[in-house]
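Residue numbers (the numbering used here), protein chains in the order written: chain R, 117 to 374; chain X, 175 to 609; chain H, 3 to 141; chain W, 33 to 596.
These are calculated hints, taken from the structure and not from any lab test.
Note that this is a predicted model, so its numbers are computed, not measured.
No residue lacks a Cβ here, since even glycine has one placed at the ideal position from N, Cα and C.
All the given hints hold, so there is nothing to weed out.
With a cut-off of at most 16 Å between alpha-carbon atoms, the simulated EDC-like pairs for lysine to aspartate or glutamate come out as follows:
{"hint": "1", "chain 1": "W", "residue 1": "K462", "chain 2": "X", "residue 2": "D584"}
{"hint": "2", "chain 1": "W", "residue 1": "K452", "chain 2": "H", "residue 2": "E115"}
{"hint": "3", "chain 1": "W", "residue 1": "K447", "chain 2": "H", "residue 2": "D73"}
{"hint": "4", "chain 1": "W", "residue 1": "K521", "chain 2": "R", "residue 2": "D281"}
{"hint": "5", "chain 1": "R", "residue 1": "K335", "chain 2": "H", "residue 2": "E95"}
To give an idea of the chain W side of the interface with chain R (calculated C-beta under 7 Å), a few residues:
{"hint": "6", "residue": "K521"}
{"hint": "7", "residue": "A523"}
{"hint": "8", "residue": "C525"}
{"hint": "9", "residue": "G526"}
{"hint": "10", "residue": "N527"}
{"hint": "11", "residue": "T530"}
{"hint": "12", "residue": "A531"}
{"hint": "13", "residue": "A564"}
{"hint": "14", "residue": "H566"}
{"hint": "15", "residue": "N567"}
{"hint": "16", "residue": "D568"}
{"hint": "17", "residue": "S577"}
{"hint": "18", "residue": "R578"}
{"hint": "19", "residue": "G581"}
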Amino acid sequence: MRLAFDEKGADYLLATREEHGNVAPVLLRKGEDPGAIRVDVPYQMAMILTKVNKHVKDGKIAVVARKCDERAIAELVKRDLLDPNRLALIGLACTAEQVRECRCTDPCPSTVDIGECAEPSTEDAPVAGVLGMSLDDRFDFWIDQFRKCNKCFGCTLNCPVCFCDECLLEDKTFTPEKGIPPGLAFHLIRTIHMADKCVECGECERSCPADIPLLSLRKMVNRDMKELFGYVSGDPERRSPLLTTLDGDPMEDDMHAC
Amino acid sequence: MDKKRVVVVGGGIAGIQASLDLADRGYKVHVVEKSPSIGGHMAQLDKTFPTNDCSMCILSPKMISCADHENIILHTYSELDGVDGAFPVFKVRIREKARFIDTSRCTACGDCITKCPVKVPSEFEEGLSNRKAIYIPFPQAVPRKVTIDKDHCRMMTQEKCGVCKKVCQAGAIDYDQEDTIVDIEASTIIVANGFDLMDASSMSQYGLGVCKDVITSLQLERILSASGPTNGHLQRPSDGKEPRNLGFVQCVGSRDSNTHGYCSSVCCMYATKESILAREHAPDVDIAIFYMDMRATGKGFQEFVSRARDTYGVRYVRSRPASIQAANGDSGVLMRYETRGLAGEAKVEEFDLLVLCPALIPSKDNGPLSEMLHVDLDGDGFFRTPNLAHPVDTTGRGVLVCGFASGPIDIPDSVSQASAAAARAAELIEGGGRP
Amino acid sequence: MSEFNPNILAFCCNWCSYAGADLAGVNRLQMPPNVNVVRVMCSASVKPEYVFKALSQGIDGVLVLGCHIGDCHYLTGNHRTAKRIPLAARILEKVGIDPKRVRLDWVSAAEGEKFQHVVTEFVEDIRKLGPNPMREVRF
Amino acid sequence: MIKIGVFICHCGHNIASAVDVEKVVEFAKTLPGVAYAGHNLYSCSQEGLSSIKKSIEENELNRVVVAACTPRTHEPLFRRACEQAGINKYLFEFVNIREHCSWIHTKEPEAATEKAKKLVAMGVAKAALLEPQEEGESKVIPRAVVIGAGIAGLAAAASLLEQGIETHLVEKDDRVGGLLKDIAIIGPEGTDSQKLIGTLIGDIENSPKAHVHLNSRVKELKGFIGNFEVVIADGVEESKVEAGAIIVATGARELRPDGEYGLGECAQVVTQLELEKMLSKSELTAKSIVMINCAGSRQPGREYCSRICCNASLKNAMRILDLSPDAAVTIIHRDIMSCGTAAEALYRNASERGVRFVRYSLEQRPQVKTGTGGVSVEVFDETLDEKIDLDADMVVLATPLVSPDDSVETSKLLKVPRDKYGFFLEAHVKLRPVEFSTDGVFVCGSARWPVNARECIWQGQAAAAKASIPISEGKVRIEAITAEVNTEKCAACGNCVTACPFEAIEITDCDGVRAAKVNEAQCKGCGTCVAACHNDAIQQKGFSSRQLGAMIDALVRATTEGAQ
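Sequences and hints are given; from them, build the entire structure.
Right under this line is the structure:
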C-alpha cells in the first residue's frame, strides 16, 4: 500500500485480494481498506487494466505486475491502448514453482518490489517433445489436440494482449466448419494473430478446459519470430516486423480528432 | 464556328486511335469511313505479331469506344465530297452514301440477309466466300447495320425481287433512299486512309488468278481466322484439302524498281506470324519463306523469327522465285528458284499452297484526296511529310496524316503516329501550331 | 486410382504477377492446369488467413506472387508480404503441415517465362508431397 | 435477390479450341445465384455486348460475370456495358479463361475445361457478394514533367507547351539533344540535326510555361496520376514539382563492345557514333572504309535488331562518298533493314553510288586483322560463297543501341517494368505503345525501343497527346477499390496505420470512440492494411475478405464435386 500510494504516487492500486475464499482483482482508491491482498495467484493484470481504463479516465494507477504483465502492458502501450504516464508498476517476481510451470525464460521484472527472482527455466520438455516429432506425427498430434477444442474462446477472452472486442474467429469467413470443434484454421489464425504479441504468460493454456497445449504452440512460434526477424514480443522499443518494411521503418503514427 | 472540331478521314486503327485521343481531349471528331464499318485492314487479321494477340480481340473494344463516344460522330459508308477554306476553318462536305436502309430502324436481325437471293464475293473475306447483296461486312462490324450494295441488288439493277423489304419486320428497307450531304466546319483534317493491297495478278510470273492454289497473304489471314470462310481450318482453294506444304513469297511487287521500289515494312513479320499460325492449325504442314532480307526490326521481332525457325521448323530461304506455274493437274504449284551463292543451283519445288506477300500500296483515293486537300504526295504516292520537326504534317497547314497513308509502317507505329496526329491537332487548335 | 492432381490456389498482384501470367498466356507458354489464379491489387493484401483457410479446407498448395522487392506498385507493400507469408509457412510446419505447401515468389510483368517456371515447379513439388492431409481429416 | 448472369466467350477459337464452352455454360447454370448463363463467339463485339445487355434486361440480372480474356485490357468495356444496362459497374466480375487457361493448356482440352469451370465458380462466388460502389474524383495538377531532353523528350515538351500545358524538362546532361548532339545529319532525309534541336529547344525556351532543368535528375517520385510529387535535384539544390503526368524519354546509348573486332585495341576501328563525330567535324581522312553491321546485336545474349544501325551505315556511306567521291565503302551486313520508302531508296542509291554490300552469317562473323599500316577484314561472302579479304584504313562498327545504365533506377523510381534487354515495357506492345500500365506515366523514344529521329519525334508527340488528356480534363476518377473501416469492429490497435505504405490511415477519436480512419484521396487501394487487421474491421472495396473467402470455398467445392 505504502509502496503504491506514497513511493509510486498513484491514485489507485490494481491488485488481487481474497474474498469469500476466491482470489479476484480489485481496484483500490487511495486510503481505502486494502483487505486481504494476495499475490500468489497469477492474474492477467494487463487485460484487467484495459477494462479498468474504460471507467477510470484519469489518475495514476499502480499495478502489481509480473514480468509477463509488464511485457503485455508494453504491447498494449505500443498500440496506444494504454497510457504509460498513468501507470506505475509494482514488480512482482514469480515463484520458482510458477516459473517451472510456465517454462518461463524471462521471469524477473525490471524492478522487483515483491518477492525474489527465481532462475529462468532452461529446458522446455513439451516444446522439445513436439519439435521432436516427424511432420506426420506432429500433424496427427495437433489434430487430436484441436479435436478437443469446444470453441469456448477461453484462450482469447483471458489473453492479456487480445484486444479486439469482437473476434473474427466468431464468424464464418475463415472458419466455415460448422459447430464444434472449430477446425484447423481457427487455431492457425489465432496463432498468427498472437505471433507478434504473445508474452508467454500461459493464460491460454491454463484457461483451456480441454487442456490443449497452447502455450507450447505460442512458444514455438515466438522462437520463429526471433529466428526470422530477431523480434521478441513485449519489447517496448520495436514495432511488429509484420507491419513494417524490411528495414523496419514503421509509417507515421499519431492520433487525430475527427 | 467551334474550332475544336476535327475531321478524320479513314476508320482503320490509325483513324480510330486519333479519333479516340482527340475525343478524350474534349474535341468533336467526325470520322469519315468509306466502307460500311470502321475497323480497316486490322479487322481482317487473325492475329498480330509478335505476340499473336487476337487482332479482333484488341481492336473491337476500340471500335466500340468510338461508336459509344459522345464526342465522336461516325460517318460510315461515306466519303469526302469537297473541302474548301484553309486552316483554321476548313469547310468540309461529307457524302453519306445511301445504304437504302433506315439505320434508326434496322436491328441487324439478319432476316433480310438470309432471304436475299444475290451472292457477291465478300470483300472482307477477300473473295474466298460470298456475302449477299444486302449485308453486314463482318460479325463485329461497327455500326451493326445492314447495307444494300446497289450494284448487285436485283431491285436496284432490274427493278425486281424486293424480298428484303418483305421480310424486314422493322420496315427499315428504303429503295428510294438518296445520298445525304453533311456540311461541317473543322479546324484540322487528319488523313488516315491506310493502304490497298497491290493486285498481284498483274504480275503474271506469280501465277495469281492462274493457279488456283496461289493466294495472297490477306486471303491466308482469313483462312486462318476462326470466323473466316474455313472456320480456321487450313485448306487450299483447289480441292479444300489441307496442304502438306506451304510457301511464302516475299516482296511481290515491292523492292522492285519495275513496280514499287519501297519496302512494305510488315510482310516479313506477318509471313512469319502466318507460318506459325499455319503450323498451329495444321501441325504437319511444312513451311518455307522465300525472302530477300528478313526485316525484323521491332520489339520482340527477332525472337519471333527465331521461334518460327527453331520451334516451328519454318524454312527461311533467301531467294526470289524465277517462275511459278500450276503443277500437273488442277492443284498445287511448281516454283522455280535459284539458291544463292556461286554454288547456287536452280531448283524446282512443288507446293500444295503458295502465298504471295504483295506490296502494300497507297490507297487509290490518295490522288483525288490530295488534290481536294491541296497537299502533295511523295514519289511513291503516299502523303508527303517533309518537315522532320513535325512528322505528321503534310505540305498543307492543318492537314495531318497518320498510319500507312504516310508510308509503310506497322500497327504500333500507326497507333503512336495517330496519337501524334492528335497531339499536333491539339497544338494547332490550342496554340496555332509551331510552324 | 488415377495419379494425384494437385488443386492449387494462387494469388497474383495486379501490376506484376497477374500481368506476367497474362504474358505467359500471350506467348502460349504451356504449364500444368492445376493452378487457379485469384487477382488481388497487391500481394500485401493477401491475408495469412486466406492461406490457412485454403489449406485447412484441403487445397493442396497456395502460391503468393508479387512484384519484385523494390518494384512494388505500392512502394513497400510487398515488404509486408515478404514477412507474413514465410511466417505463415513456419506456423504450418509447427502443426505438421509441410511448409513447402506455401510458396512466395516474385514475378514481374515481363517475366512470362518465370511465371511458367514457378507454376510448373510448384505443381511438381506439391505432386511429390502428395495430397493435403487435411483432405482426410474430418473434425 | 441475387441474380447473376454468366457469359462465356469463345473468343473465336482462342478459347473454344481448348475449353468446351457449352460444358462450362451448363456447369455455370448449376451455380448458386446464377439466373442466366450463355456464350458468345466474341463477347467484346458490339453483337456480344448487346446480347449481354439484352439478357441483363430480360432476366433482370443484378450481377454480371464474363469469362473471357484479361481484365487488364477488357474490364472497362464490359463495365461500361453493365452501366448502359443500368447495373453499377462494380457489380461486374471478370474471369480470365484465355490467358490463364485456354492459351496455356492448348493440348489438354479436358483439363482446361475443368479449370475453366473452377475459375467460373470462383468468379460467380465473388460476384454474389459484390456491392455497388461510387467512384471518387481527384483533381489533376495541370503540369507535366518530361524526363530526358533527347529528341523524343524535346518533341514531347514542345508539344505539351504548344498545347498550353506547363512543362518541366529534366536533362541529366549539360546540353539538350541526347544522342543527336554528336550527329550532324539525320538520314535518310538528310536533315541538319543541330538546326532541328535548335528549333525545338528554341520553341521550348520561348514558352513562358517551360522550365528546363539541365544537369538534373529526378531524385524522388511519389503520388499517382494527376498528383505526382517529383523531386528534381541539380547537384546543388533540390526542387519539388507537383505534376499531373510524367513522360519518360530517357533514351538509349550506343553499345561500345571493346575488344570485339579490334575496337579499343586498334585506332582504325571505330563505332558509327565516333564516325559521326569525325564527319560533323569533317575530320575524315580514310579512303577505304569497311562497315560491319550487327556488331554486338542479333547474336546470342543480345538477340534483338537495333533497327537504326543499317540506316546509319547507309547514310554515313553516302556522306563519305559526298565528301570524297573516290572513297571506297563496303558494308558487311546480315540483312539490310531499310524498311519503308526513304530508307529503301537510300539503300538503292547507295548501291548505285557504288557502295559494296557483302553479306555474312552469324556462324561466320568477319575477322578484323590489325597489321602495320592498315587493317584488313576477312569475311565469308554468303553471296559469292567464298572467303574474301578487304583492306581498309578504317573499320566502322554499327553497334546496337542498349538501354542506359541508369534505367534500372528510373524503373524503380517510377515503378514501371523493363523488358529483358532493359528497355521499358509499355502497357500493350500493339495498341498502347507509349503508355505504361501505371496511369499517368508515359514513355517515348529509344527508352522503349531503338528508334530513329522521326519515330522519336512522333512518339514524343504521342506521349504528349496521352499526357494532355487527364490534364485538359482537370480530373481523374478514383477507382472504388479503397479501404474502408468498420468502426464497430475496429479496436484502434493501429496495425493498419503502421502497415499503410502511404500514411493514408490514422486513428481518430470521435467523442470517445477511437477507430481507424482512411483518407480516401491518399489511399491507393493496395489492401496492405486489410491483411494487417486482426478482426477484419478494415476491408478493401471489391476485394473484401468475404468475397475472397467465398472464392476459396468455391474452389474447394468445385474440386470436391468435380472429384465425385
